[in-house]
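2 protein chains.
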Amino acid sequence: MSFANTPPPPYYAVIFTSQRTEKDSKGYKRTAELMVELASKQTGFLGVESSRDHDGLGITVSYWDSLESIKQWKEHMAHQKAKEKGKKDWYSAYITRICKVDRDYHSI
Amino acid sequence: MSFANTPPPPYYAVIFTSQRTEKDSKGYKRTAELMVELASKQTGFLGVESSRDHDGLGITVSYWDSLESIKQWKEHMAHQKAKEKGKKDWYSAYITRICKVDRDYHSI
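Chains W and G supply the protein sequences, listed in that same order.
Residue 30 in UniProt numbering sits at position 30 of the first sequence, and the numbers go up by one each step.
Residue 58 in UniProt numbering sits at position 58 of the second sequence, and the numbers go up by one each step.
Treat the hints loosely; a few may be bogus.
Because identical chains share one entry, a pair is satisfied inside a single copy or across any pair of copies.
Taking lysine to any residue and the SDA-like style, the derived pairs with C-alpha atoms no more than 20 Å apart in a straight line are [stated by the list, open to error]:
no.: 1; residue 1: 71; residue 2: 25
no.: 2; residue 1: 71; residue 2: 27
no.: 3; residue 1: 100; residue 2: 48
no.: 4; residue 1: 26; residue 2: 67
no.: 5; residue 1: 83; residue 2: 3
no.: 6; residue 1: 100; residue 2: 8
no.: 7; residue 1: 88; residue 2: 33
no.: 8; residue 1: 29; residue 2: 55
no.: 9; residue 1: 81; residue 2: 33
no.: 10; residue 1: 100; residue 2: 4
no.: 11; residue 1: 23; residue 2: 107
no.: 12; residue 1: 23; residue 2: 57
no.: 13; residue 1: 74; residue 2: 106
no.: 14; residue 1: 87; residue 2: 105
no.: 15; residue 1: 100; residue 2: 66
Everything labelled a hint here was simulated from the structure, so no lab data went into it.
This one's a predicted model, so the numbers in the text were calculated from it and none came from an experiment.
The shape of chain W in the complex, shown without the other chains (with noise of 0.2 Å):
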């Protein structure tokens, strides 16, 4: 994964911070990979920023045209689903935060 290419601010950030477990790898990597390519055909998606490092713990951050698209994402039947395992197996603690991006700078 790389920069998200979002267009001037105003727009709004989803950064979802979290602790993998060490439990269904596997699992864990295809529905991440499934909810990152739903999220980008949802309407107002602007892209994705997404890092982990070796002890687990993980930043992704999703960009959005406004706080209803984020709603919308939030209620996605397939990404409820994939919330529901990620609190029971995937996620040992996560905190999520809603956010109105401002400003920004970029070297790219």
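Fit chain G to the supplied structure of chain W, relying on the hints for placement.
The following block gives chain G in isolation, referenced to the frame of chain W:
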């Protein structure tokens, strides 16, 4: 590094997404640690979360009580020096985004 123990929203976030070069691992690591230590002593600092994957793509999110605190940290002399070095040697590309966090959900 782990989760930032942020207070109830609203608060502010600086999302820094970067691609590391392969240059100067030691110098980079030392400065990155020093910047976290220095930032955490600044007025208005609420916490930081950071992850870098095996391909060198990293996301660091620092949390602050106000835009004024973010501005002061931006102008901090040691931070400015580190950023210059970052642009020159450590990062092939980066994006900084300044956000207001309006909502969050914790599982921890």
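**Request:** Enumerate the violated hints, using their earlier numbering and listing them in ascending order.
**Result:** 1, 2, 4
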